[in-house]
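> So the chains spell out like this:
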Amino acid sequence: MASDTRHVTDAQLMSGADILVQALINHGVKIVFAYPGGASMPLHQALTRFSGQLRTILPRHEQGGGFAAQGLSRSTGEVGVCVATSGPGATNLVTAIADAKLDSIPLIAITGQVKTPVIGSDAFQETPIVEVCRGITKHHYLVTDIHDLTRVMKEAFHIATTGRPGPILVDIPKDVQESKIIPQWDVEMNLPGYSVKERRTSLAQIKQVAAAIKLSRRPIIYAGGGVISAGASQQLRELIHKTGIPVAMTVMGLGAFPYNDPLSMDMLGMHGSVYANYAINKADLILALGVRFDDRVTGKLEEFAKHAKIVHIDIDPSEINKNKAAHIPIVSDVKPALERLNAIVQAPEEISDWVEQCQRWKADEPFHYDTDFDGILPQHAIDALSRMTQNRHTIVTVGVGQHQMWTAQFFKFHSPRTFLSSSGLGTMGFGLPAAMGAQAAHPDALVVDIDGDGSFQMNIQELATCYCERIPVKVLLLNNQHLGMVMQWEDRFMEGNRAHTYLGPINHAEAKGQGSSAFVSERYPDFISIAKGFGCGAATIHKKEDLTPAIDEMLSYDGPYVLDVQVPYQEHVLPMIPSGMTVEDLIKE
Amino acid sequence: MTTFCGGVAYHFNSEIVWILREVRSVGPPPLVALQNESYHASLLFSGYLMRHILSAVVQNVPGVLAHISGMLASRGYNIDSLAVGKTENPDLSRMTFVVMGNQRVLEQVRKQLEKIVTVVKVLDVSGQDHVERDLMLIKVKAAPGGKRSEIVELADIFRGRVVDVASQELMIEISGQEHKIEAFIDLVRPYGILELVRTGRIAMVRSDALTSGQSPDPQNHDGTISEIEAAETK
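These protein sequence lines map, in sequence, to chains G and X. FYI, in the working numbering the residues of the first sequence are 1 to 589. FYI, in the working numbering the residues of the second sequence are 1 to 234.
With a Cα cut of at most 20 angstroms, we get these calculated SDA-like pairs of lysine to any residue:
no. : chain 1 : residue 1 : chain 2 : residue 2
1   : G       : Lys322    : X       : Leu72
2   : X       : Lys139    : X       : Ile193
3   : G       : Lys322    : X       : Gln108
4   : X       : Lys115    : G       : Asn190
5   : G       : Lys154    : X       : Val61
6   : G       : Lys101    : X       : Lys115
7   : X       : Lys115    : G       : His158
8   : G       : Lys101    : X       : Ala73
9   : X       : Lys115    : G       : Gly135
10  : G       : Lys322    : X       : Gly101
11  : G       : Lys322    : X       : Met100
12  : X       : Lys115    : G       : Val132
13  : G       : Lys306    : X       : Arg104
14  : X       : Lys115    : G       : Arg164
15  : G       : Lys322    : X       : Ala73
16  : G       : Lys30     : G       : Glu78
17  : G       : Lys101    : X       : Ala66
18  : G       : Lys101    : X       : Leu72
19  : G       : Lys115    : X       : Pro62
20  : X       : Lys115    : G       : Asn323
21  : G       : Lys154    : G       : Gly77
22  : X       : Lys115    : G       : Thr162
23  : G       : Lys322    : X       : Arg104
24  : G       : Lys322    : X       : Asn102
25  : X       : Lys86     : G       : Asn190
These aren't lab readings, by the way, just hints derived from the structure by calculation.
Required output: the full structure, derived from the provided sequences and hints.
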């Protein structure tokens, strides 16, 4: 890059902080989410010097910054970058880092550290953040020598984005940020243990898969986040069009295949569709693409897809045979594997009965809700928003809980990277900051955080960021005044005993599960005042007829907006396969 | 194969390990077999506990030991012993693990080790002809006289060495396979063991065995591709 040579030929001394920021720019980073503090001040000073090339967004909590970086990454496929200071700043990033690890999101978290001479002395705001994060990063660095900085940054971007993507932590002591050298940009990486040369999927293996497909009578594709991170959505569509095999998707895989194709069986797993779970249970061949047989998908492992032969394609060898043994295991990025498969694959000889059966299941037991309810059901609100935004480039983020599952069930996704969900770690509070990051990366898209009142309050401070940084995120708040998913389990498995799942004052009857109507008697908190206090637009609704106009108003509002939808708290996410059980135990009502 | 499928002893038995590796090297069955019973699956997920020696070459950088031991602990793997030391290359260290587990656990341990960026290569030493050694220093109560000569004699028989002598005790250095060390401990226990310290297991593959079974490419240790290819070429 031109900027590389300029700095070398100018023979200018650069500070560690400047080198770091220049490295980010060299690697194509356009936006960072950074919260300053004592040990990262030099870094922030440097960020101001490069502000023409790199936008710095100040979140209101480091965790918000971490999730915003993820929102950017999940919606673009590029590396998300967040910065925090040492100690509490760094530990506030931990959840976002763990989240990125479980969902394989390329994230670079940069933390300031106390000066090298005092490391290990329990200095002010010192935490051994590399130690803390070892198990939740793909890799991590504590940079104690400024000369290592360019190599470390090169390696960090390389490791974050190649193979199975993941989070990298780069911890930089303040004295390393301050000291100056003439940086060497053209450095070799030192990664003898990390090789990502494309795995050669042997033609024989691909032929085996093709033969298995041809002979199968009840095949199904089980597609996950690996399809999306590989950018293999097109290849998946081609495979399905060539073979006519139905496809079920994981939460991470939603959007890989369009909902409106008759072969889409939508989401499978604990709260997946009845038809997807029936289909996977009856299948004789499962093409598992970029998935990891997570317990939320499989339920009881021994019973999952018991009669099926499994083709498992994943880039991470450790996922093969981890939970479920594969009959044809292929360690490969999904994209090249599907490209090679598509070149030779033929449709199964005899699956028309099977496809008909799948479509009958789909027609018989679709996701549904009570359309006669006198008020707004959360599913209805999502359904309405989905219908009203189908013609726009819309990115949806969610928190964690009932609203997340309802969004996965009722929002119609047709493109990859349009549904951003903390799926593996299940982090409440993910929605708003993730939406913020996605919106920052896609200024022209409509970005909606469909959130619950519990999740929303976990990172509600980011409304300030949205307002101050002019990030016009919309929040569709499905407000049932409870921690709905936990409440649902209480209702189903614990005789409805409310154990700290009501979010209003503890003297309310609802706190003990003794509410007398569909809606709580006295609502708390006042989200309208909160949103307006942050400078955002806001409205609250509870009547059915107000839903469409209120969504319209939200969508046309110029700026961040919170639409507080008062919904009843008795709704359960259905269908449901209880944890560790099988499709036989599927609860429909 | 039938031997394996039948009831076999829980503890270490090199023969069993060999049988297992032979079965594994056949790889997943061809498609015809797929239509029937999946023995590959039953094999991987069977419950036989075995002891394997894994040898990992790692980058000699700070934190690598913490990373690896943390990974093993957090995933609940059962490590019997762990030995670390430098190698002929100053940039690399070698870690030797003794791992207990069934085939599936062992496969996971190996893959999870290989996933760690600073781990350069992992070898399953016990799958090949190898030499393994423990080293022990043991301090035994030994008053001058008959007892002391008995202990020295025992040490000689075990090819141990007396490395320190005090008025009432002897320090003996002894190395060898685990069962030899254990046997020596049992024999000197009646004299009174004052202190005992042991290293973890170290192991090295015999030169003639190097070519068999193991792929030199660490990233290819997925236990799948190479096996399928091996099966195909047969």
